[in-house]
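Protein chains: 2
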Amino acid sequence: MTAAGILSGLRVTEVSAFIAAPLAGMTLRQLGAEVLRIDPLLGNIDYRRWPVSGDGTSLYWAGLNKGKRSIALALDKPEGREIAASLITAPGPNNGILLTNLPGSGWMEHETLIKRRPDLITLRLTGGRDGRGEVDYTVNCASGFPLVTGRGGEPVNHVLPAWDVAAGLYLATGLLAAERSRRQDGKGQEVTLALSDVMLATVGNLGYLADVQVNGVVRQAMGNDLYGAFGRDFPTSDGRRIMIVAISNRQWRAIGKATGLAEKLAMIGPMMDVDLNDEGGRFHARHAIAAVLEPWFAARMLEEIRVAFEGSGILWGPYQDFGQLVAEDSRCSTDNPMFGMINQAGAGSILAPGTPLGFSEAGRVPPVPAPRLGADTDAVLAEVLGLSSAQIGKLHDAGVIAGAPGQ
Amino acid sequence: MTAAGILSGLRVTEVSAFIAAPLAGMTLRQLGAEVLRIDPLLGNIDYRRWPVSGDGTSLYWAGLNKGKRSIALALDKPEGREIAASLITAPGPNNGILLTNLPGSGWMEHETLIKRRPDLITLRLTGGRDGRGEVDYTVNCASGFPLVTGRGGEPVNHVLPAWDVAAGLYLATGLLAAERSRRQDGKGQEVTLALSDVMLATVGNLGYLADVQVNGVVRQAMGNDLYGAFGRDFPTSDGRRIMIVAISNRQWRAIGKATGLAEKLAMIGPMMDVDLNDEGGRFHARHAIAAVLEPWFAARMLEEIRVAFEGSGILWGPYQDFGQLVAEDSRCSTDNPMFGMINQAGAGSILAPGTPLGFSEAGRVPPVPAPRLGADTDAVLAEVLGLSSAQIGKLHDAGVIAGAPGQ
Chain A
2 MTAAGILSGL
12 RVTEVSAFIA
22 APLAGMTLRQ
32 LGAEVLRIDP
42 LLGNIDYRRW
52 PVSGDGTSLY
62 WAGLNKGKRS
72 IALALDKPEG
82 REIAASLITA
92 PGPNNGILLT
102 NLPGSGWMEH
112 ETLIKRRPDL
122 ITLRLTGGRD
132 GRGEVDYTVN
142 CASGFPLVTG
152 RGGEPVNHVL
162 PAWDVAAGLY
172 LATGLLAAER
182 SRRQDGKGQE
192 VTLALSDVML
202 ATVGNLGYLA
212 DVQVNGVVRQ
222 AMGNDLYGAF
232 GRDFPTSDGR
242 RIMIVAISNR
252 QWRAIGKATG
262 LAEKLAMIGP
272 MMDVDLNDEG
282 GRFHARHAIA
292 AVLEPWFAAR
302 MLEEIRVAFE
312 GSGILWGPYQ
322 DFGQLVAEDS
332 RCSTDNPMFG
342 MINQAGAGSI
352 LAPGTPLGFS
362 EAGRVPPVPA
372 PRLGADTDAV
382 LAEVLGLSSA
392 QIGKLHDAGV
402 IAGAPGQ
Chain B
2 MTAAGILSGL
12 RVTEVSAFIA
22 APLAGMTLRQ
32 LGAEVLRIDP
42 LLGNIDYRRW
52 PVSGDGTSLY
62 WAGLNKGKRS
72 IALALDKPEG
82 REIAASLITA
92 PGPNNGILLT
102 NLPGSGWMEH
112 ETLIKRRPDL
122 ITLRLTGGRD
132 GRGEVDYTVN
142 CASGFPLVTG
152 RGGEPVNHVL
162 PAWDVAAGLY
172 LATGLLAAER
182 SRRQDGKGQE
192 VTLALSDVML
202 ATVGNLGYLA
212 DVQVNGVVRQ
222 AMGNDLYGAF
232 GRDFPTSDGR
242 RIMIVAISNR
252 QWRAIGKATG
262 LAEKLAMIGP
272 MMDVDLNDEG
282 GRFHARHAIA
292 AVLEPWFAAR
302 MLEEIRVAFE
312 GSGILWGPYQ
322 DFGQLVAEDS
332 RCSTDNPMFG
342 MINQAGAGSI
352 LAPGTPLGFS
362 EAGRVPPVPA
372 PRLGADTDAV
382 LAEVLGLSSA
392 QIGKLHDAGV
402 IAGAPGQ
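Protein chains in written order, with the working numbering: chain A, 2 to 408; chain B, 2 to 408.
Everything labelled a hint here was simulated from the structure, so no lab data went into it.
Be aware that one or more of the hints could be misleading.
Which copy is meant is left open, so a pair is good if it fits within one copy or across any two.
To be verified - Derived SDA-like pairs: lysine to any residue, alpha-carbon spacing no greater than 20 Å straight-line:
| id | residue 1 | residue 2 |
| --- | --- | --- |
| 1 | Lys78 | Gly44 |
| 2 | Lys188 | Ala5 |
| 3 | Lys395 | Glu80 |
| 4 | Lys395 | Ala405 |
| 5 | Lys188 | Arg365 |
| 6 | Lys188 | Glu362 |
| 7 | Lys116 | Ser361 |
| 8 | Lys78 | Gly282 |
| 9 | Lys188 | Gly364 |
| 10 | Lys265 | His285 |
| 11 | Lys258 | Pro41 |
| 12 | Lys265 | Phe284 |
| 13 | Lys116 | Ala4 |
| 14 | Lys78 | Gly347 |
| 15 | Lys188 | Ser361 |
| 16 | Lys258 | Gly134 |
| 17 | Lys188 | Ala4 |
| 18 | Lys188 | Arg118 |
| 19 | Lys265 | Met342 |
All values reported here derive from a predicted model rather than from experimental measurement.
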């Protein structure tokens, strides 16, 4: 079932760059909101970010801006900023929401914009709480995680921009919370989020800060071993590698059963003086457990392991590179209703995800391409601001607005 | 300013374990919602998860369940399930929202519960879309990221449970979207989310799938180097390490200026035949850039670097382990209004984060401790279901409900 989406009717105006704020806007777009992304005439700082296709189209930008409407304005001119402010503060109960991670040098401040629309909601992401510039990499190094990732000895950065992703989803949550509140009392407000606080809150929520404070323990690197239970990776006979995890006793017993090694694994308890019916006991005995399991995996190909584990209740999976993910994993194909094929300008026909959220009543919004820069400038200025063709033509001539090239 | 929070009045009933669903509930709690966490009499499978304090209190559980009300029920008995279903489907426009990642063997299915409350909203997190069991580790190995994390040659798992965190925040977003919709049309629905889809959507949103499809390129590991621009780590003279990043030209020039190495860095352009005023050019020349910068960092202590970079506009930060984060970083202290000291049963007085989101009008909900298991059973049964003390006493005697030990 394709549909308009559960947030159909809601409009968000976004002035953004990079990952977090664009992901927040796209998350809402994929739930049905209309998202107007305003950019400078030549695009924002993220418009050419790698990876790019042969003609220079940013696949990164395309991935994070699917389904938005693009408005290109001369934000360095008063006339361009005036149009942007008019779009941001356009009337209507479903409008008046600004999502941004850019400073906007005065004109885009909440205190300035509420003079035009007192019930405006502004979502503002900053790097540090004090306004200091921060990106995923600079909050990550401070988080403690790089020093426990890998085998230790040197810090290992995660490559997934996890803090940006979390920040984007916090923004989406905060936006809907503020909009809910405005529906109740008619009041807008500024919602702020610092990327560094997303990191700090998460480290705290996961118990790492408490572990230091309560136990005086600073977690150390332990490769791919899972902390506090049994889990790690094993190589297979065909040069692949799998991850296997047992947190519950049921999952633990499933490993013994499916591998036929239950009796040998049971010997580890008395041998290592641990209770293997306890996840902490299995963590203490993890090297002995791995020693028993390793030959079983080393003697089998990935496909044999898949067959042996089918329906066993074991938590496991194969490691895949990005190419194998696309080529081998049916979850990453149109077999999965989250995905669809889109025709992305500059990139061609590609598989693209919609929202991972499914709504039983509201239906699923199919994935759509990202706009070309400025593709919706004229239409949005006519629709939202009621400008005539003549007025729009004048703004083009004056270099205040731009459409997509070749439009 | 402390306050009730922007979601004050909303009630969510949670039947959950581990990270994602509990984080979703806590995220809403920290915005002011009331969250009733229902658990079996002895706690759910996550109740003793490591790290734990000296008396066995899970610091992990405490971190992810702050501020919730805990109700302990015999969910293996019809009477216990009846109470749970009554709480989940209690009347009122702000109630009737279930958040869960557990199967609940029939009684907790959306189709069953809507017989009691047709406008129920159920948020259900599964592992795979097909109901297959998955955890952060098993979706991560399939994501492609472990094979590009670290220096290559072997997969490196991230330690941050990034997919769980993202899933929790998608759930919070989906819940507010569904609740907004119910306010408009009175209809509830089931909202589903698979952890594997969170991973797949994210890999797609970030352009990794398109890079494979469009360019036939499978990203390779490159240590702590930033892809497509300049960024990497450097050791300092006092045994610390820093991360430094330049994405924009402004950030790039700031590095040359603050280190006094602008002239030497400018020599790299003609030497390597790249345009250093282009982020891709800087990526191509990253090893030469690093060779010029490395001695500068190696000759300086962290504190000297901090002074040199202060106010320079450079994006950088020190690596910190979890202990250094707590001991040295003022952002991780009550200097940061996101944090407060809480008295957590079994753990003592600890620093804990509230929500990273700030609301200019709604104010900030201060962090509060997690409940002891069952601490709110009696109060919630009286308040929400209107049970009398005599009825509650009978349920205790029958082993259907439990309070916190020593209550």
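Consistency of the hints with the structure:
1. With identical chains, the CA atoms of Lys78 and Gly44 are at most 20 Å apart within one copy only, with a shortest distance of 15 Å there and 61 Å across copies.
2. For a Cα distance limit of 20 Å, the shortest separation of Lys188 from Ala5 across copies, 16 Å, qualifies, whereas the shortest one inside one copy, 27 Å, does not.
3. Taking identical chains as interchangeable, the C-alpha atoms of Lys395 and Glu80 lie at most 20 Å apart only when both belong to the same chain, with a minimum of 12 Å there against 73 Å between chains.
4. Proximity of Lys395 and Ala405 under a CA criterion of 20 Å is satisfied intra-copy only: 17 Å inside one chain copy versus 72 Å between copies.
5. Only between protomers do Lys188 and Arg365 lie at most 20 Å apart by alpha-carbon distance; the minimum there is 17 Å, versus 31 Å within a single protomer.
6. When the C-alpha separation of Lys188 and Glu362 is checked against a cutoff of 20 Å, the pair qualifies only between copies, where the shortest distance is 8 Å, while the shortest distance within a copy is 30 Å.
7. Taking the shortest Cα distances, Lys116 and Ser361 sit within 20 Å of each other only across copies (16 Å), while inside one copy they are farther apart (41 Å).
8. In this homomeric assembly, Lys78 and Gly282 never come within 20 Å of each other (Cα to Cα): the closest approach is 66 Å inside a single copy and 30 Å across copies.
9. Taking the shortest Cα distances, Lys188 and Gly364 sit within 20 Å of each other only across copies (13 Å), while inside one copy they are farther apart (30 Å).
10. Taking the shortest alpha-carbon separations for Lys265 and His285, only the intra-copy value of 17 Å comes in at or below 20 Å, while the best inter-copy value is 52 Å.
11. For the identical chains of this complex, Lys258 and Pro41 are neighbours neither inside a copy (61 Å) nor across copies (27 Å), given an alpha-carbon limit of 20 Å.
12. In this assembly of identical chains, the alpha carbons of Lys265 and Phe284 lie at most 20 Å apart only when taken from the same copy (17 Å versus 51 Å across copies).
13. Taking identical chains as interchangeable, the C-alpha atoms of Lys116 and Ala4 are never at most 20 Å apart, the minima being 36 Å within one chain and 26 Å between chains.
14. In this homomeric assembly, Lys78 and Gly347 never come within 20 Å of each other (Cα to Cα): the closest approach is 29 Å inside a single copy and 59 Å across copies.
15. For the identical chains of this complex, Lys188 and Ser361 are inter-copy neighbours only, at 11 Å across copies versus 31 Å inside a copy, given an alpha-carbon limit of 20 Å.
16. For the homomeric pair Lys258 and Gly134, the shortest alpha-carbon distance between copies (17 Å) is at most 20 Å, but the shortest distance inside one copy (53 Å) is not.
17. Proximity of Lys188 to Ala4 under the C-alpha cut-off of 20 Å is restricted to the inter-copy arrangement: shortest distance 16 Å between copies versus 30 Å within a copy.
18. Taking CA atoms no more than 20 Å apart as the test, Lys188 paired with Arg118 passes inside one copy only; the shortest distance there is 11 Å, against 31 Å between copies.
19. Within a single copy, Lys265 and Met342 get their C-alpha atoms no closer than 49 Å, and across copies no closer than 48 Å, so neither meets the 20 Å cut-off.
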